[in-house]
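*Asks:* For the protein sequence lines, the chains are A and B, in the order given. FYI, the numbering for the first sequence is 1 to 452, going by this note's numbering. FYI, the numbering for the second sequence is 1 to 452, going by this note's numbering.
Honestly, the hints are just simulated from the structure, not real lab data. Nothing here was measured: the structure is a model prediction, and the numbers come from that model. Just so you know, even glycine gets a beta-carbon here, dropped at the ideal spot from N, CA and C. A hint or two may mislead.
[Said to hold, decoys possible] Residues on chain B that point at chain A, a partial pick, calculated with CB under 10 Å:
| id | residue |
| --- | --- |
| 1 | I47 |
| 2 | Y124 |
| 3 | K219 |
| 4 | P251 |
[Stated by the list, open to error] To spell it out: a stretch of chain B is covered by chain A in this simulated footprint if at least three of its residues, at any positions, have a beta carbon under 8 Å from a beta carbon of chain A; those stretches are:
| id | segment |
| --- | --- |
| 5 | 72–81 |
| 6 | 109–121 |
| 7 | 194–200 |
Protein chains: 2
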Amino acid sequence: MMSPIYLTLTISILISLCSSNLFVCGTEWKPTWSTGAAEEAEAVAAIPCSGHGRAYLDGLVLNGHEPVCECNPCYSGSDCSNFSSHCAANAGDGDPYFLEPFWMRHAASSAVLVSGWHRMGYTYSDGSYISQLLVDHIKKLHEIVGNAVTDGRYIVFGGGSTQLFNAAVYAFSPNNNHSSSLNPAKVVATAPHFPVYRTQTELFNSRDYRYEGDTSLWKNNTDNNGTTFIEFVTSPNNPDGKLTKAVLEGPNVKTINDRAYYWPHFTPLPSPADDDLTTFTISKLTGHAGTRFGWAIIKDKGVYEKMLTYLELNTVGISREAQLRALKLLNVILEEGDRKEIFQFGYSTMRDRWSRLKQIISKSKRFSLQKLSPQYCTFFKRVRDPSPAYAWLKCEREEDKNCYEILKAAGINGHEGSMYSDDDRYVRLSLIRSQDDFDILINKFTVLVAKD
Amino acid sequence: MMSPIYLTLTISILISLCSSNLFVCGTEWKPTWSTGAAEEAEAVAAIPCSGHGRAYLDGLVLNGHEPVCECNPCYSGSDCSNFSSHCAANAGDGDPYFLEPFWMRHAASSAVLVSGWHRMGYTYSDGSYISQLLVDHIKKLHEIVGNAVTDGRYIVFGGGSTQLFNAAVYAFSPNNNHSSSLNPAKVVATAPHFPVYRTQTELFNSRDYRYEGDTSLWKNNTDNNGTTFIEFVTSPNNPDGKLTKAVLEGPNVKTINDRAYYWPHFTPLPSPADDDLTTFTISKLTGHAGTRFGWAIIKDKGVYEKMLTYLELNTVGISREAQLRALKLLNVILEEGDRKEIFQFGYSTMRDRWSRLKQIISKSKRFSLQKLSPQYCTFFKRVRDPSPAYAWLKCEREEDKNCYEILKAAGINGHEGSMYSDDDRYVRLSLIRSQDDFDILINKFTVLVAKD
Numbered sequence: 001m002m003s004p005i006y007l008t009l010t011i012s013i014l015i016s017l018c019s020s021n022l023f024v025c026g027t028e029w030k031p032t033w034s035t036g037a038a039e040e041a042e043a044v045a046a047i048p049c050s051g052h053g054r055a056y057l058d059g060l061v062l063n064g065h066e067p068v069c070e071c072n073p074c075y076s077g078s079d080c081s082n083f084s085s086h087c088a089a090n091a092g093d094g095d096p097y098f099l100e101p102f103w104m105r106h107a108a109s110s111a112v113l114v115s116g117w118h119r120m121g122y123t124y125s126d127g128s129y130i131s132q133l134l135v136d137h138i139k140k141l142h143e144i145v146g147n148a149v150t151d152g153r154y155i156v157f158g159g160g161s162t163q164l165f166n167a168a169v170y171a172f173s174p175n176n177n178h179s180s181s182l183n184p185a186k187v188v189a190t191a192p193h194f195p196v197y198r199t200q201t202e203l204f205n206s207r208d209y210r211y212e213g214d215t216s217l218w219k220n221n222t223d224n225n226g227t228t229f230i231e232f233v234t235s236p237n238n239p240d241g242k243l244t245k246a247v248l249e250g251p252n253v254k255t256i257n258d259r260a261y262y263w264p265h266f267t268p269l270p271s272p273a274d275d276d277l278t279t280f281t282i283s284k285l286t287g288h289a290g291t292r293f294g295w296a297i298i299k300d301k302g303v304y305e306k307m308l309t310y311l312e313l314n315t316v317g318i319s320r321e322a323q324l325r326a327l328k329l330l331n332v333i334l335e336e337g338d339r340k341e342i343f344q345f346g347y348s349t350m351r352d353r354w355s356r357l358k359q360i361i362s363k364s365k366r367f368s369l370q371k372l373s374p375q376y377c378t379f380f381k382r383v384r385d386p387s388p389a390y391a392w393l394k395c396e397r398e399e400d401k402n403c404y405e406i407l408k409a410a411g412i413n414g415h416e417g418s419m420y421s422d423d424d425r426y427v428r429l430s431l432i433r434s435q436d437d438f439d440i441l442i443n444k445f446t447v448l449v450a451k452d
Numbered sequence: 001m002m003s004p005i006y007l008t009l010t011i012s013i014l015i016s017l018c019s020s021n022l023f024v025c026g027t028e029w030k031p032t033w034s035t036g037a038a039e040e041a042e043a044v045a046a047i048p049c050s051g052h053g054r055a056y057l058d059g060l061v062l063n064g065h066e067p068v069c070e071c072n073p074c075y076s077g078s079d080c081s082n083f084s085s086h087c088a089a090n091a092g093d094g095d096p097y098f099l100e101p102f103w104m105r106h107a108a109s110s111a112v113l114v115s116g117w118h119r120m121g122y123t124y125s126d127g128s129y130i131s132q133l134l135v136d137h138i139k140k141l142h143e144i145v146g147n148a149v150t151d152g153r154y155i156v157f158g159g160g161s162t163q164l165f166n167a168a169v170y171a172f173s174p175n176n177n178h179s180s181s182l183n184p185a186k187v188v189a190t191a192p193h194f195p196v197y198r199t200q201t202e203l204f205n206s207r208d209y210r211y212e213g214d215t216s217l218w219k220n221n222t223d224n225n226g227t228t229f230i231e232f233v234t235s236p237n238n239p240d241g242k243l244t245k246a247v248l249e250g251p252n253v254k255t256i257n258d259r260a261y262y263w264p265h266f267t268p269l270p271s272p273a274d275d276d277l278t279t280f281t282i283s284k285l286t287g288h289a290g291t292r293f294g295w296a297i298i299k300d301k302g303v304y305e306k307m308l309t310y311l312e313l314n315t316v317g318i319s320r321e322a323q324l325r326a327l328k329l330l331n332v333i334l335e336e337g338d339r340k341e342i343f344q345f346g347y348s349t350m351r352d353r354w355s356r357l358k359q360i361i362s363k364s365k366r367f368s369l370q371k372l373s374p375q376y377c378t379f380f381k382r383v384r385d386p387s388p389a390y391a392w393l394k395c396e397r398e399e400d401k402n403c404y405e406i407l408k409a410a411g412i413n414g415h416e417g418s419m420y421s422d423d424d425r426y427v428r429l430s431l432i433r434s435q436d437d438f439d440i441l442i443n444k445f446t447v448l449v450a451k452d
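Could you put together the complete structure from these sequences and hints?
*Replies:* In structure tokens:
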């Protein structure tokens with residue numbers, strides 16, 4: 001038997017322990033089946049990798065294997081602490097790791113626990129492959145940011161915007177039937193442009209459409225034979241970050257507006273996009289390239305329905321896990337603080353990077369960067385500095401015809417201008433990668449420019 | 001100050017509380033950022049929906065909204081407790097809900113917690129879009145089950161097997177270039193067959209290949225002009241569950257072997273598949289159709305590389321979340337118990353369903369089912385009864401030319417025979433849906449057959 005005085009004391013100790021966070025108390029929620037998954041995820045997240053790498057749940061960690069750090073480029077060792085100064089700067093692909101620190105700061109609100117029986121069927125309860133809740137989140141986000149009109153528009157999801165490009169080309173092309181089309185649609189873009197418009201269109205090699213090169217070849221020639229023209233317009237443009245407009249005009253011209261970078265991180269927003277067909281991707285909004293989640297905003301119901309058919313027969317829609325994750329991430333943006341935090345973070349990071357690079361390049365006569373000026377942004381409600389995703393660097397010396405090779409020799413790996421259907425005097429440098437990658441890039445340029 | 005006697009007592013109370021599970025103790029693992037996600041997932045999972053529906057994390061549950069039950073067909077109400085006996089049986093689509101109870105029983109080991117910064121980049125650490133750890137799991141699984149040879153083979157991932165079909169057609173077709181192919185590959189299948197082979201091939205309408213109908217049209221005619229033939233072979237077959245072989249032969253014939261149903265759930269396994277190109281999907285293995293995850297096992301390196309190019313330009317690979325989930329699910333199969341549990345469960349469920357349906361139909365002269373016999377299975381190491389995924393039902397009366405309409409009038413919704421390029425005297429009935437759907441199907445048939 002416990003005497004009253006002992007009992008009182010013990011209870012008061014327990015209460016103070018409860019509130020001290022040392023214990024989770026009986027009246028609070030207690031996990032049951034979720035504990036293992038939560039523990040596994042936190043154990044992996046707790047591995048520091050010296051701040052120069054990450055351990056992942058699908059690295060070698062399942063069932064008691066030792067978790068393995070995956071190191072940033074130029075770092076190595078079991079804890080990623082060894083830096084190799086001879087290693088080349090990775091400024092090639094557009095992996096948007098610059099947003100990783102934002103999600104680490106929002107660890108609690110951005111985590112999702114997926115049960116073993118989560119959404120096993122093909123469709124949502126309305127019979128579609130598209131989460132209506134996620135559509136609503138996307139519409140709300142565009143409304144808050146002011147970068148796209150969505151009222152009365154249709155929305156479809158794709159495997160990144162990549163899958164949506166060909167879905168849109170298919171939907172805009174005439175004569176989608178079994179016979180050879182006598183007059184396939186002509187698919188075009190203006191250099192410098194994202195290479196996938198060409199490579200993807202050529203890969204599918206359809207009887208209904210054909211890649212026909214640069215818009216300049218067709219500028220005053222779109223009334224021919226009633227041929228349909230499908231123009232890819234990227235704004236801001238990849239690689240050079242400029243706000244662009246369609247070049248072709250006329251009743252037979254359709255445009256696919258790739259707005260992957262039309263977010264406050266990368267560009268001033270002069271007005272909401274209000275086109276027949278616009279694509280976005282979570283990759284350049286939240287930084288989750290690996291999720292492979294994009295969406296298209298479509299005016300015409302017929303085009304929307306053709307895209308749905310395409311997406312069903314290509315992949316039967318998009319992974320439920322990807323849709324669930326996108327929902328959670330957008331929810332963090334929409335529900336936390338003033339709804340501007342990710343955009344403030346994205347913008348200030350990209351502006352600072354651009355400004356550091358520009359300062360170094362400005363000391364050089366050998367290299368130049370694309371010209372971008374401060375401009376009024378309707379989201380921030382003020383004039384803001386440039387903050388492009390990529391530098392479109394030019395080698396100015398007559399003899400430096402292959403700028404990619406010049407940079408490579410100096411330990412800087414970018415993408416050749418010819419990848420973007422432009423001159424090899426240009427190189428695209430990705431500024432949206434990790435801070436480590438950017439710091440190495442800056443160091444290499446500092447050395448290179450000092451040699452001038 | 002606490003006297004020694006108080007302290008000792010308090011510590012002993014704490015120790016007993018610790019081990020009583022009322023408290024999670026300081027020395028044990030304590031969740032930090034994962035708590036919200038775990039709590040949210042468990043709260044949703046705890047909603048019973050009367051056993052006739054489920055609540056999901058991406059239903060209306062985020063941020064304090066009331067979680068909503070999504071009811072099985074014919075059930076309604078906020079807790080799915082209202083049954084409508086006039087409602088038609090859903091035996092149409094192949095949503096594999098029959099495996100849901102298995103995952104509910106393995107809630108702890110099958111849950112995954114995805115952090116906000118999980119795999120944001122495009123590639124894994126080896127630069128590919130394909131998790132090598134998941135490839136290893138898949139190979140191990142095939143080895144244990146004995147349903148496919150994987151030694152020295154290449155593996156690629158697709159958005160379900162659906163995306164892999166066209167990737168394989170592309171890879172097998174000659175002349176993948178920009179000009180019109182004079183001699184496109186002929187894509188064929190043997191009726192009754194899964195409709196997507198035709199509809200997908202026609203949708204892409206490529207210059208490199210063309211859908212050319214039934215194999216019977218080309219049986220002794222594959223040497224013509226060096227034309228490439230691409231034959232889809234489904235074994236066990238969808239819709240009729242029969243183990244099939246390729247019909248066409250010759251040096252110009254390539255086969256795409258769709259082995260979606262080649263698991264102990266659905267068929268005896270006479271020997272491991274050992275073909276040039278075989279596709280599988282997690283949908284019919286674990287029941288996760290919504291994950292959109294499939295894989296192809298490929299002998300030839302050139303074919304593998306063409307498929308990789310296709311998958312990159314189509315969707316830049318498969319969602320990292322889908323790959324992580326697939327890894328976790330396969331891990332449960334591989335690491336728990338005798339590694340036979342899911343197959344025992346799948347087989348006994350499907351065998352019992354087939355046996356119940358067969359018993360009812362056997363009383364009728366109006367309807368018949370496909371003939372399937374017990375056969376030796378190398379996995380179970382014994383003769384086992386049939387357990388097909390679908391019934392391929394025939395209306396036997398001369399006047400019942402449209403079997404789909406006959407069944408529909410009796411409150412049974414299947415798929416028309418003509419969808420499978422066969423006679424409308426046949427209907428495909430899905431037996432892999434929820435227990436509720438199957439029970440309603442049995443009830444409707446009991447009534448229908450009694451009317452004979």
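*Asks:* Does each hint fit the structure? Answer for all of them.
*Replies:* Hint by hint, here is what the structure shows:
1. I47: 12 Å, violated
2. Y124: Check passed: Cβ of B:Y124 comes within 8 Å of chain A, closer than 10 Å.
3. K219: 22 Å, violated
4. P251: 24 Å, violated
5. 72–81: violated (count 0)
6. 109–121: holds (count 13)
7. 194–200: Answer holds; 3 residues pass the 8 Å Cβ test.
Against the hints set out earlier in the document, violations occur for numbers 1, 3, 4, 5.
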